[in-house]
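Chain order of the listed sequences is Z and C. When we follow the numbering used here, the leftmost residue of the first sequence carries the number 1464, and every step to the right adds one. When we follow the numbering used here, the leftmost residue of the second sequence carries the number 1464, and every step to the right adds one.
Be aware that one or more of the hints could be misleading.
As the list claims (entries may be wrong) - Straight line, CA to CA, 30 Å or less: simulated DSSO-like cross-link-like pairs of lysine-lysine:
| hint | chain 1 | residue 1 | chain 2 | residue 2 |
| --- | --- | --- | --- | --- |
| 1 | Z | Lys-1824 | C | Lys-1470 |
| 2 | C | Lys-1977 | Z | Lys-1567 |
| 3 | Z | Lys-1470 | C | Lys-1486 |
| 4 | C | Lys-1640 | Z | Lys-1805 |
| 5 | C | Lys-1794 | Z | Lys-1805 |
| 6 | Z | Lys-1570 | C | Lys-1824 |
| 7 | Z | Lys-1500 | C | Lys-1532 |
| 8 | C | Lys-1782 | Z | Lys-1470 |
| 9 | Z | Lys-1640 | C | Lys-1824 |
| 10 | Z | Lys-1640 | Z | Lys-1594 |
| 11 | C | Lys-1470 | Z | Lys-1640 |
| 12 | Z | Lys-1794 | C | Lys-1594 |
| 13 | C | Lys-1470 | Z | Lys-1532 |
| 14 | Z | Lys-1640 | C | Lys-1782 |
| 15 | Z | Lys-1470 | C | Lys-1740 |
| 16 | C | Lys-1640 | Z | Lys-1612 |
| 17 | C | Lys-1789 | Z | Lys-1470 |
| 18 | C | Lys-1640 | Z | Lys-1824 |
| 19 | C | Lys-1715 | Z | Lys-1789 |
| 20 | Z | Lys-1606 | C | Lys-1794 |
| 21 | C | Lys-1805 | Z | Lys-1640 |
| 22 | C | Lys-1638 | Z | Lys-1804 |
| 23 | Z | Lys-1638 | C | Lys-1789 |
| 24 | Z | Lys-1567 | C | Lys-2023 |
| 25 | Z | Lys-1612 | C | Lys-1789 |
Since the hints were derived computationally from the structure, they do not count as laboratory data.
Protein chains: 2
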Amino acid sequence: MKNSIRKSRVVIEGVYPEIDRGKFPIKRVVGENVDVKAVVYADAHDEVNALVLYRQKSEKHWRELPMLKGIRDQWSASFRIEEQEDYYYTICGWIDEFMTWQRKLSKLWAAGHDVRLELIIGAQLLEAAAKNDSASNTKWLKKWVEDFKNEGNLFSNVYIALSDVLSDQMRKYGKRKSIATYSEELKVTVDRTKALFSTWYEVFPRSLGQKDGAHGTFKDCERILPEIADMGFDVLYFPPIHPIGSSKRKGKNNSALADKNDPGSPWAIGSQKGGHKSIHPQLGTLSDLKRLIAKAKTYGIEVALDIAFQCSPDHPYVKIHPEWFKRRPDKSIQYAENPPKKYEDIYPINFDTDDYENLTKELKSIFVYWIKQGIHIFRVDNPHTKPFAFWDWVIDQIRKEYPNVLFLAEAFTRPHVMQRLAKGGFQQSYTYFTWRMSLWDFSQYMNELTQTEMREYFRPNFWPNTPDILPVHLQNGGRPAFMQRVVLAATLSSNYGIYGPAFELCDAQALQGKEEYINSEKYEIKKWNRDAAWSLKDFIAKINMIRRENPALQTTWNFKFCPTNNENIFCFLKATRDRSNSILVVVNLDPFNKHAGSVCVPVEELGIGYHRHYSVHDLLTNDKYAWYRGWNYVELDPHSCPAHILRISGDEQV
Amino acid sequence: MKNSIRKSRVVIEGVYPEIDRGKFPIKRVVGENVDVKAVVYADAHDEVNALVLYRQKSEKHWRELPMLKGIRDQWSASFRIEEQEDYYYTICGWIDEFMTWQRKLSKLWAAGHDVRLELIIGAQLLEAAAKNDSASNTKWLKKWVEDFKNEGNLFSNVYIALSDVLSDQMRKYGKRKSIATYSEELKVTVDRTKALFSTWYEVFPRSLGQKDGAHGTFKDCERILPEIADMGFDVLYFPPIHPIGSSKRKGKNNSALADKNDPGSPWAIGSQKGGHKSIHPQLGTLSDLKRLIAKAKTYGIEVALDIAFQCSPDHPYVKIHPEWFKRRPDKSIQYAENPPKKYEDIYPINFDTDDYENLTKELKSIFVYWIKQGIHIFRVDNPHTKPFAFWDWVIDQIRKEYPNVLFLAEAFTRPHVMQRLAKGGFQQSYTYFTWRMSLWDFSQYMNELTQTEMREYFRPNFWPNTPDILPVHLQNGGRPAFMQRVVLAATLSSNYGIYGPAFELCDAQALQGKEEYINSEKYEIKKWNRDAAWSLKDFIAKINMIRRENPALQTTWNFKFCPTNNENIFCFLKATRDRSNSILVVVNLDPFNKHAGSVCVPVEELGIGYHRHYSVHDLLTNDKYAWYRGWNYVELDPHSCPAHILRISGDEQV
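Construct the complete structure from the given sequences, taking the supplied hints into account.
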């Protein structure tokens, strides 16, 4: 340790947000804020001052944002993301001699001491600042320098010395002593708005055929676009659309032997018709897909593809790149398995291959191929079974060239693994929402997602069901359970999706003792009665409209748990930063019984006067209620509607 | 980002302990453990394994310590500090192919699948390991390789394959795939035991004169050594012993005008007789001091000096190094102040001087000078008013040459500043204990000190009083309050000290409305009646003996709060790691009234059977009680003794 280099006396530590020492960026969309905190202090009793320095990637110079001092040497400041470009931020602190001097002067003056010498010291500080000031204010500083030296004006000098006007000038032009800059420049990756606010509809195109048993096509998809748009979805997501292998093809209900008419699982990718860059012939052609993409766009809908990096035994890669697969001692290729379960229709890709570089280049080219066809959203299947370093690299590469492309990580696995994928670049992530049921569950999990560091990089996408998962509460709760789950998904998280039409038709038939659908669409073509009377189509349409019309529901980070006096009643508030839009959601979590109780509205935070009534407007039923103070009565019958979505509007004098 | 370099699939994060990204070391003494935790995981479903790598500074190679896997990918391991030398540690993780294989084999076997091919794969893993194994075990591995290939031995092969014997061999010799090593090598600074366990007695030597008004000397100190040793102290600490300035000397009770007989404050350092390397002539000579140091040693007592880097106007530095002091516009030197208070007898040193390098070299040489005279413990006055970088440097320099030297930071200031000084090297720190009074206070503060990251680098030293601070509860609570405070200081913290004889004589006279002593010893020579009947000498002696005899009280980190049903009764447990010594302390926090109630003993943690009585032995009174299960009755009258210090011994069947 050398002593000859003078170190700054200022310490900057406890910087937030900072993910894994700044190894990973935080994520934002345009319009969001970055709330920066740090602990900044120095030795001795000198006043310290601090700034957030931030800039867009394309800017050369830092912008300076004053930080505000709180208790225990904690400083904070907030800046808004204005453009879809990566940002950088760091922190700078220094000894503020002028503030130190002001504080001393004020104490001495209050104690009746002689401050003439102090004013001379102040004049010296002003003189130094005047040199820094390139602007017109120099003359004022210079004038005050002269004044301070004139002992006759003692009262007015002290008045000016302690004034806000002078404080402001000196904050800008005062000499900064012992400047410290934080060791890291921290990054914000800025995505397009859809990364934060999106509404997904997953559908198997092959089940959309018009005639009984007919294989659905992209043209059939075009036909149902108006219906999907009416329901208010803006992402239409398809399971893999590639040719399906025939070797070891699975039959209905995942049986090991397929009938000759069984279509196979779309996740058994590749046949002699092609692999990940080809389209399953029965779905149509590339130009059909492109027409669908274009037509969807006119409805405000984006088509998203499922990318699953795995191969059927018939995939061209198996012949062309045998080195990309793992072999067993008998020379057979190792199929996928979750012992003792075997997935013999699927070969995993072996990322341990010596040909890693070519392999990953090829996989990247799959994304690029579909991007060029007009796809800008990918749902990535099981990303946690591929190396993190691969995702870090491929998402980074693609973001550079195609900054609008979004990746959703379908990783249902351990928390740290899911977090690591999000840190590495995935713009959205599947979550445990699917299995969360009780009030305790929701308050815990929402706090984990929104009140911890995860909020900075992990954007949840809530799914009540998927083709793989029909959770127990949907199996047993009937139509009210489906209503509850879609309200919860759509209001808790600004990104959510359903797997339809199974969802809106309340398909609840599961394999005995499992969370899997009977006659799963993964292995057969289904015929859905999309116009059934019990369909939740209209209910979902209303919820999605409420989401579009209420900015408070277009972010997940503003979740605020509200206490209730009945554990079946879950209540939370979502309000915009400026409080111009406040939505209170109340859900009866019991799909069988009516429940009543009181919920507590944080009126102070909403700026509602203590002696004022305010109006709550149920956007689902159009009912209006006059509420008063914190605790208010609710009553929810799941058989009519298990939830209130209440817009809180203004306050009215009693 | 380049894709061509293969990155490890293993992630190591959330490493603990790690202070500010490893910028600062953790602290230990010989015999303490380092409990290391980390989150270690990889993509996919392969089994991961992890080790702590650690070594002493003088060792070239890492020692390997297997980590244990807990929930949520958390791993932990613990190593013991065996020598007084700095240690380093880091973490290594890898994909454990053998464990992965074992898990798969076990599942396939349980499900009745054909595992013959799996055993061949296992044989390949063993074969690779046999190449790694330089030891005699190779032959076993090779034998098993042959066995595994023999399909006839299926049952015994599976039995061996899943056996612990083979697991152990393969943990050692199995090929480690995709090894990741944590980015930081983290440091442990290891101090001598006294850094963790020390008992301080602060005294003004000048008040130890035998005749009325006579200035005490080092010889007088020698005389009272037996008394201090009887009381059980092992550090005898003196306020500054240097020549005291006469310019602007303060009189009694800090008055601005001194009588000609006033001795001045020992913190107004320096006169024509010398500065920080000189001894105040009335105390004696350097050889007197050295004899005292030697004599103290025979009593097991170390002499500690107060080092205060500040000068009286008469200090030689003021003339020789005028550039080390700050000047005001009228050319006068800036005296110390805490506006509107002025300390005109003291000039602070200006670390902003252009001559920083010479200044700091000189200050370092002051420590070195006293070390050479035999002083190995320094209490540093107001270190927070000097730059952190200076302390980082000077303590590091001195540790290298004199690893036994200890520094105690007397910084009563904001939490982050106190923490930063400890991080920078101070082996012990003053704390807020002095002002903590209620059960809530203690449970909060002890948790902060012992259950947060602070435990890794901040060693508290608890002081019930100091020459500067006579806290309100001692002013009002009478003798019982002094008894409470010394029990609390001595049992909560393994490092504690008192300022005597003011403490044991229960001096409670404060300046009106202040926390300062009337007729403070800082400004005058006091005559103490050290043999007064009300002296707590014997009580303190007993407490210090209990500390010496009970290892549970020789660390601070084992504090465990125990619930009580009376908020006046504070109870906590301290037990050694091996539970061989368990001390339960119960203190009545009210110095005026008797209180009774129940305290809850964590019997499960102590390994006391649920249906067994156990004996608690009050080491203060020698009373013994038979207790049963968790909640037990206590009753404490502050006027006899406000505390129990109970040794819990074994358990007896009912």
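- [ ] Run the structure past the numbered hints and jot down the numbers of the failing ones, going up.
- [x] Numbers 5, 6, 7, 11, 13, 16, 19 and 24 - these are the hints that the structure violates, sorted from lowest upward.
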